[in-house]
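Heads up, the sequence shown is in my numbering, so the first residue is 1 and it goes up one at a time.
Mixed in with the good hints, there may be bad ones.
The calculated lysine-lysine pairs, modelled on DSS-like cross-linking and capped at a C-alpha distance of 27 angstroms, are [stated by the list, open to error]:
1) Lys31 / Lys14
2) Lys31 / Lys3
3) Lys3 / Lys14
Here are the in silico distance ranges between beta carbons for each label pair [what the hints assert, rightly or not]:
4) Met5 / Lys31: 14 to 20 angstroms
5) Gly7 / Glu41: 16 to 22 angstroms
6) Val6 / Asn40: 15 to 21 angstroms
7) Asn40 / Cys18: 16 to 22 angstroms
8) Met1 / Asp29: 25 to 31 angstroms
9) Met1 / Glu41: 23 to 29 angstroms
10) Met1 / Asp30: 25 to 31 angstroms
11) Glu2 / Asp30: 27 to 33 angstroms
12) Glu2 / Asp29: 27 to 33 angstroms
13) Val32 / Glu4: 18 to 24 angstroms
14) Glu41 / Glu2: 24 to 30 angstroms
It should be emphasised that the hints constitute simulated quantities derived from the structure, not laboratory data. Virtual Cβ for every residue (Gly too), placed ideally from N, Cα, C.
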Amino acid sequence: MEKEMVGYCAVCHKPIYCHGGFLEGNIGDDKVLRCLACTNEDEVVSNQ
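Could you build all of it, start to finish, from the sequences and the hints given here?
Here is the structure:
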């Protein structure tokens, strides 16, 4: 299955890929692309 780079994480600048229709990251309400690790960290911070 081919992986296609779609951009970089706005937080850690790691490349983010899409493969098989699955995005290895998230686009938040602020329309900013983040990798899964940074998305999870942001959710932990905002839930406190």
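Query - Range hint 25 to 31 angstroms (beta carbons of Met1 and Asp29) holds or violated - result: Cβ of Met1 to Cβ of Asp29: about 29 angstroms, so the range 25 to 31 angstroms holds.
Query raised in the report: Holds or violated: 27 to 33 angstroms for the Cβ distance of Glu2 and Asp29?
Result: Holds, at about 30 angstroms.
Query raised in the report: Has the hinted range 14 to 20 angstroms been met by the Cβ atoms of Met5 and Lys31?
Result: 19 angstroms, holds
Requested in this report: Could you tell me whether the CB distance from Gly7 to Glu41 stays inside 16 to 22 angstroms?
Outcome: With a Cβ separation near 18 angstroms, Gly7 and Glu41 satisfy 16 to 22 angstroms, so the hint holds.
Query raised in the report: Between Lys3 and Lys14, is the straight-line Cα distance small enough, at 27 angstroms or below?
Result: 15 angstroms, holds
Query raised in the report: Regarding Asn40 and Cys18, is the given constraint of 16 to 22 angstroms on their beta-carbon distance met?
Result: 19 angstroms, holds
Query raised in the report: Can the suggested window of 25 to 31 angstroms be confirmed for the beta-carbon pair Met1 and Asp30?
Result: 30 angstroms, holds
**Report entry** Given hint Lys3 paired with Lys31 - CA-CA distance at most 27 angstroms
**Finding:** Roughly 22 angstroms between the alpha carbons, so the hint for Lys31 and Lys3 holds.
Query raised in the report: In this structure, is the beta-carbon distance linking Glu2 and Asp30 contained in 27 to 33 angstroms?
Result: 29 angstroms, holds
Query raised in the report: Does 24 to 30 angstroms hold as the CB distance between Glu41 and Glu2, or does it fail?
Result: 29 angstroms, holds
Report task. Take the C-beta atom of Met1 and the C-beta atom of Glu41, compute their distance, and say whether it sits inside 23 to 29 angstroms. Result -> 28 angstroms, holds
Query - Hint check for Asn40 and Val6 - Cβ pair distance inside 15 to 21 angstroms - result: 19 angstroms, holds
When each numbered hint is compared with the structure, no violation occurs for any of them.
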